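J.: Make the complex out of the two chains shown on their own, each in a separate frame, by following the hints.
So the sequence lines, in the order shown, correspond to chains A and B. Residue numbering for the first sequence follows my numbering, starting at 1 and increasing by one per position. Residue numbering for the second sequence follows my numbering, starting at 1 and increasing by one per position.
Read the hints as simulated data drawn from the structure, not as lab findings. In this text the structure is predicted, and so the values were computed from the model without any measurement. Accuracy of the hints is not assured; some may be wrong.
What the hints assert, rightly or not - Here chain B is said to cover these stretches of chain A; the calculated rule only asks that three of the stretch's residues, wherever they fall, bring their Cβ under 8 Å from a Cβ of chain B:
no., stretch
1, 67-73
2, 77-84
3, 158-172
4, 249-258
5, 352-362
To be verified - Okay, derived cross-link-like pairs now, EDC-like style, lysine to aspartate or glutamate, Cα gap no bigger than 20 Å in a straight line:
no., chain 1, residue 1, chain 2, residue 2
6, B, 121, A, 116
7, B, 121, A, 384
8, A, 373, A, 296
9, A, 114, A, 202
10, A, 373, B, 120
11, B, 320, B, 330
12, B, 320, B, 366
13, B, 502, A, 116
14, B, 498, A, 384
The beta carbon of each residue, even a glycine, is placed where N, CA and C say it ideally should be.
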Amino acid sequence: MILHELIDFEILRVIWWLLLGVLLIGFALTDGFDMGVGALLPFVAKTDLERRQTINTVGPVWEGNQVWFVLGGGAIFAAWPPLYAVSFSGFYLAMFVVLAALILRPVGFKYRSKRESATWRNGWDWALFVGGAVPVLIFGVAVGNVLVGVPFHLTPELLSMYDGPFYSKFFGLLNPFSLLAGVVSLSMLLQHGSAWLALKADGMVETRARNYGPMFGYIAAAGFALAGIWLAVGIDGYAIVSAVVTDGPSNPLLSEVERGGSWLDAYSTRPWIAIAPVLGFVGILMAARSMAGHSDVAPLLWSKLGIFGVISTVGLTMFPFILPSTVDPNSSLTVWDSSSSHLTLFVMLICTLIFMPLILAYTAWVYRVLWGKVTQDDIADNSETVY
Amino acid sequence: MELDVVELSRLQFAMTALYHFLFVPLTLGLSIIVALMETVYVMTNRPIWRQMTKFWGTLFGINFAIGVATGITMEFQFGMNWSYYSHYVGDIFGAPLAIEGLMAFFMEATFVGLFFFGWDKLSKVGHLTVTWLVAIGSNFSALWILIANGWMQNPVGAEFNPVSMRMEMTSFFDVVFNEVAQAKFVHTVSAGYVTASVFVLGVSAWYLLKGRHIELARRSITIAASFGLASALSVVVLGDESGYAATHSQKMKLAAIEGMWHTELAPASFTAIGFPDMEARETHYAIHIPWMMGLIGTRSLTEEIPGIAELVENAEARIKSGIIAYDALEQIRELRDDAPADVRQQFEDHSADLGFAYLLKRYVDDPRTATEKQIALASNDTVPTVWPLFWGFRIMVALGFSFIALMAYFFYRANWKGMTFPRPMLRLAVWMIPAPWIAAELGWFVAEFGRQPWTVDGVLPTVMSVSHLSVADLAITLAGFVTFYSVLFVIEMSLMVKFIRKGPYMDVPETDVWMAKHEHRLRTHDGNVPGANVTPAE
Chain A
1 MILHELIDFE ILRVIWWLLL GVLLIGFALT DGFDMGVGAL LPFVAKTDLE
51 RRQTINTVGP VWEGNQVWFV LGGGAIFAAW PPLYAVSFSG FYLAMFVVLA
101 ALILRPVGFK YRSKRESATW RNGWDWALFV GGAVPVLIFG VAVGNVLVGV
151 PFHLTPELLS MYDGPFYSKF FGLLNPFSLL AGVVSLSMLL QHGSAWLALK
201 ADGMVETRAR NYGPMFGYIA AAGFALAGIW LAVGIDGYAI VSAVVTDGPS
251 NPLLSEVERG GSWLDAYSTR PWIAIAPVLG FVGILMAARS MAGHSDVAPL
301 LWSKLGIFGV ISTVGLTMFP FILPSTVDPN SSLTVWDSSS SHLTLFVMLI
351 CTLIFMPLIL AYTAWVYRVL WGKVTQDDIA DNSETVY
Chain B
1 MELDVVELSR LQFAMTALYH FLFVPLTLGL SIIVALMETV YVMTNRPIWR
51 QMTKFWGTLF GINFAIGVAT GITMEFQFGM NWSYYSHYVG DIFGAPLAIE
101 GLMAFFMEAT FVGLFFFGWD KLSKVGHLTV TWLVAIGSNF SALWILIANG
151 WMQNPVGAEF NPVSMRMEMT SFFDVVFNEV AQAKFVHTVS AGYVTASVFV
201 LGVSAWYLLK GRHIELARRS ITIAASFGLA SALSVVVLGD ESGYAATHSQ
251 KMKLAAIEGM WHTELAPASF TAIGFPDMEA RETHYAIHIP WMMGLIGTRS
301 LTEEIPGIAE LVENAEARIK SGIIAYDALE QIRELRDDAP ADVRQQFEDH
351 SADLGFAYLL KRYVDDPRTA TEKQIALASN DTVPTVWPLF WGFRIMVALG
401 FSFIALMAYF FYRANWKGMT FPRPMLRLAV WMIPAPWIAA ELGWFVAEFG
451 RQPWTVDGVL PTVMSVSHLS VADLAITLAG FVTFYSVLFV IEMSLMVKFI
501 RKGPYMDVPE TDVWMAKHEH RLRTHDGNVP GANVTPAE
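In isolation and in its complexed conformation, chain B is listed as follows (with noise of 0.2 Å):
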């Protein structure tokens, strides 16, 4: 195999994700802002609810086209660039794909329309519960993309057929209900919450600098400091869940992110910072904090969490048992029916290492030739680079707390100093609109480098999955994707930027009965009552 292929293939496959995914934790939150706040005005009949639900489904919408624009994309390129990887778990990643198409995808698509179109053809109640079926509709989407990737991460539920040279699915309900999936499901989604809820502080932050859009903009806050603040809190915990998942599937991933070179005495500290060195196995200057990562990899203060050296070990054996089920199988694809009963038992019990044995390929095209040098290269391949992922963990985190942070101060002041926010506060809060895209893109990162030298984790390596193609095509179509995506962006962007600039259509004063039920509370230092109709329309 060709290996410029392989490295360009995966870095199309990491360009395109990337970008997908700038779009995709906006959709899924923001679906969900709006989705709640045309709540409210259905239940309260406020003419500001609407508008404020008209206002950020225009932001929705703009950001959502290009996110479904470039879903298409991530759809089409395993059978594009990854054909291999197709044939070879197709069988099992298929299936959530399509059905996350049939039932998720069809519904948020189908109903997106009516959310813009339906406002004058539908009851208030029938809007609503479009809207509502477009935000569950995306949310669902990401369930079964989830569970699609979750399997890459732990594949259960399948076995590999020595005739259909490939993994085919012995357990749907262990595929759907795998506990890796799961855990990525509810970060993920609510990592998108959070993406949102910064989103939507961060632009009515904006509009209350400028004095502009005051009631809109203080009850988005509301709403965005309320979703925020519950959504910021489960990505951290639910975070913490899918570390402890990893503790049992992906042990070498864990590893490199906590650059845990040996194996430790339990409970393991935690390294808070430091300089990981490939070379010398060895983080410099390390920071560490005792029993902390045995408490979060574990939960328990006896159990071991192995180290690097020790899982490449472990790889090396699996690798020989892997050696052993090649064979047997080229034994039985050779013979066909007539392999006797000891190739086939031999192919059973080492047939769960028969990935290992395809790490050789990079080295030598029949593993069984393979040197004992060779197979020591192939375990050191099992290590993913060590400082990315450490740095971008611990990135990841840090931004994750002070989302938290963020969102209990806005919170605070929404609900107990009448919404008033001091202007130092409303600026960090438009800086941090960025951040948790940050956050989001090191969370696609982390998981899927972490993965590496596999696309499915012991099954098979990344340098086997790919199509056979040439540079030439690869050159061409990275090319495209960088030009269009790029000047899609600029266009998104600016866009985006004009309608924030532009701000909700007219604005709505909030109703009298409203005012005067809150004047007390919205009662500000100075004695002050900030007036529903100060602010005009740009």
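Looking at chain A on its own, in the form it has when it is part of the complex (with noise of 0.2 Å):
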């Protein structure tokens, strides 16, 4: 096929790397309300038909939703099998806990209301609580990790070697700078939770959240301004020092990359990019006060504008870097050297083309088909159908 030369690597790299903060984005908007109510569901509600009325909110939508997620495994693994390998491997413990807590989702919701007993029903509840924020969390976790670097190196063959032993694959990665971040992305999208119920809900369910929500929203952006002050001085940044092939071949070992200097050495060469962050705060900002009055679309379109800004920011403020090495800088992950192949790229951009407008404009005849409240008593009138 000659077709894929119609586009340059360089910029299909490009794009690929555009596409997956495209896909991390849509996930944490759509999968992260849904994920955000289950970790509130303990507190907004407290009665079962609360209880019901908080999970309907996202009853009909969270299996798409989800599909973000799957998604997103799918085209890392596709345009980024470099990054797919050593994330997952390098991550593995913390990977099982995020497949654990999320294989409760689907069943929690499912299964919660099949039965009439309330420790059955409390039991999946706090399943999904457990489904909502342990793999919100271990997100955040992760994204902090990937600032900070990961203790991995590649073999000539590029087999990927995690050094250390085998309980850092999760306690490894619980050092301060990522609990922060897990701290930001929890709290990011408890607040997201929050707007979706101020939306979907009313009565004791959206006052609780609407309650609630701003205080998220504050944490979220105190955490998000301390780790940029943290990254300004605690936390090196890395640098390609040879000279940057952006067409070749992706072996990561054909590069040489040095750690030092800081991640926000990006403001002044790009100085432009500093609009993510600004787009982050006002959003988390505008979204918690908003909260407060009575508009039920305000806060959740506020809220997706601050999680758009806080996820752009790290990955404009890392840019080439996708997965930094801490112990072999040479081994760490650019976007010049870790994608598939020139026409895999061109093949799966093409997909993306034709599917990714058919899967937005779907997922919007869905939403508007669901669109209103969900009120306790139509909880009531379809006790058998719903969850």
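T.: This is the structure:
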């Protein structure tokens, strides 16, 4: 096939770096609110009817939302195989915890209200709490680790070796900066969940969500600011020191990387990227502020903007790095040396251009069909069919 | 490479995949059956079909939830446990997985919410469309997953890149239209349809035995038997197509399944039953059916099918050729752009056998230093353990034929005997419920175990594919999965049983018009007309 030569390898890599961001942001914007709702469940809803109301605000959509996560995994595999290979095996035990927590969610949603027993239902409510809170926390911690760097090196055959005892594949991730990143992630999506409930629930559930929401927003904003300061003073950045080849075969070992300087140097070479953290702060704080008002939609929209800003900040700050290595900087994965081949990136781009608009269109249609608040009367009337 | 890590990784993959595959076939088939039922409802407006759609839809939902949950594990497990595999073939293998998400899984998961929650929010046709989109999405999912799996069995459209040290795609078209993938897809979805048909048939038979929900059960049997008969026929015919495809691409797997130790004069005979002996390279007490193997495998009377002994010799030659490729590769990697043209040519000529040199990695770090004895050992490794394949395959095929018989019988009774069914046959139908799962799991086993010692046939050995993990890592996750999945299984089964016992939310009678019109057909031998309203809901 010659067709793929139409788009330069270099440009395809940048496009796929952007699409990686789109998928992660899409995941956080959609699955983020239902995970947030899951994590809020025991606190915003006290009675069984309130809990069912809360669960049913996300009942018809969480499954589609979760595909953003699955697709994220698939797209990393297809477009960034070295990233998929290194990160998932390196974060091995953390990934297992995420998987276990995520498996609780589908069964929790489906099975919770299928028996009358209060113990059964309460048990599943806590399962949904874990299924929401734990992955969100770990994703944040993982992003923190990506910024700090991960202790792996590649052999000449490009086998990824994780350096450290096995338990470090979980406990090693829990360094202070990464825990802060986890707190930002968790509080940001708890606010997102609150914003969703402000839109979709009524009565006490909505009131409690509007009460708690701003608190999470302020924690997220403060944590985000603190992380920025920490990056400026306490954490090394990485830089490619050899000549940068942007369209060569993907082999991370071919380029030389040094650890030093600061990630924030990017803001002097590319000042325009400062827009991302600004959007992050504006979105989060405006969401917190509008939560106290009467608008149903505004908190969710602002919260989306905030999440977009925060995730973009991480990507733009690190560009072109994707996964730096602390023990062997030369093994670090960058946009220029850890992608799929030219042809695969091209084929996947075509598929994405065909299917992504369709996905967005039918997802929008589904949300439109389901538009409106979920009330306790709805639950009582359809007790047999809803969650 | 630590062998324990390899074995534990394999065990974990097999366990999680087999577990996931308990739920997938039912999703594939039941989604279509439910959509067919709803289609009848929309076309005829008879409420009983709406009730059937909702009832089977509930069981579909219980199964779907856990199928999705365990599918997430599969999507991420390659990176977690098979990191070198992911690096080595991710350029090709990742693409169909991602397209599965884009094209199929997104559709199925987005609309499944509306299937359950949209009854009052959508028009009848609107809801029917949603149901079909769920069914089509599920089936397209299977297509892309099997394109990925088909590539592991028959790696076409790719070549090795010495700089990035991995396989890279050369033709997307070849990957998608891989004959093995296409044969596997139709075989697998048909198996899913059979599974769901046997399930619907068995559960309905149980209702008839209990004298409950008679109208729902009889109509469900009619649908299940018609759909099941067509599917049971196609699963056998298309399974044969898989066998034909394997003749070209996976000769060793075919020979192992057949316990065919030595090449026979064409057309080869088929060993119906026997006891394969790895040591003696012989199948004891074998009963042969003359010509049959040659006909299935090659569809000719003259083409030979190679036996295991000859394939081992063949592997030995390819290992030796692979060592030449390995040697050239090492030089190219050392000298990079300065590598002389003849070395590059040497690599080009032998790169197709590079994977065979990797088979030696189990015995020696540098394949170039391998002794003749090690080469012989590695050649022998290309033979998968024969007896599980031999027996697994035969049980699967026997079950496949039993489904044809079962479905044909119920199809006949439903259409020509006024929907009356003798009690012993109803009991048999209930007992048959687990059978398609056994057949499906054996099918997976034969396909994947038969590919050993490779993860990607002829390209990457299983021992090289794993992540750099410790036994402790794997012990933790394996114990975790076993515990977690066992608990989930108990919960799933208890809910299934609970909702089957409970039956539909309420019984809906068949319309009087329809009953009057079909009265003659429903009359039983003793002259009774089974009424529509005789069975109250529990």
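J.: State for each hint whether it applies.
T.: Outcome of the hint check:
no. : hint            : verdict
1   : 67-73           : holds (count 5)
2   : 77-84           : holds (count 6)
3   : 158-172         : holds (count 8)
4   : 249-258         : holds (count 4)
5   : 352-362         : holds (count 5)
6   : 121(B) x 116(A) : violated, 27 Å
7   : 121(B) x 384(A) : holds, 16 Å
8   : 373(A) x 296(A) : holds, 10 Å
9   : 114(A) x 202(A) : violated, 24 Å
10  : 373(A) x 120(B) : holds, 15 Å
11  : 320(B) x 330(B) : holds, 16 Å
12  : 320(B) x 366(B) : holds, 13 Å
13  : 502(B) x 116(A) : holds, 14 Å
14  : 498(B) x 384(A) : holds, 14 Å
The earlier numbered hints that this structure contradicts are 6, 9.
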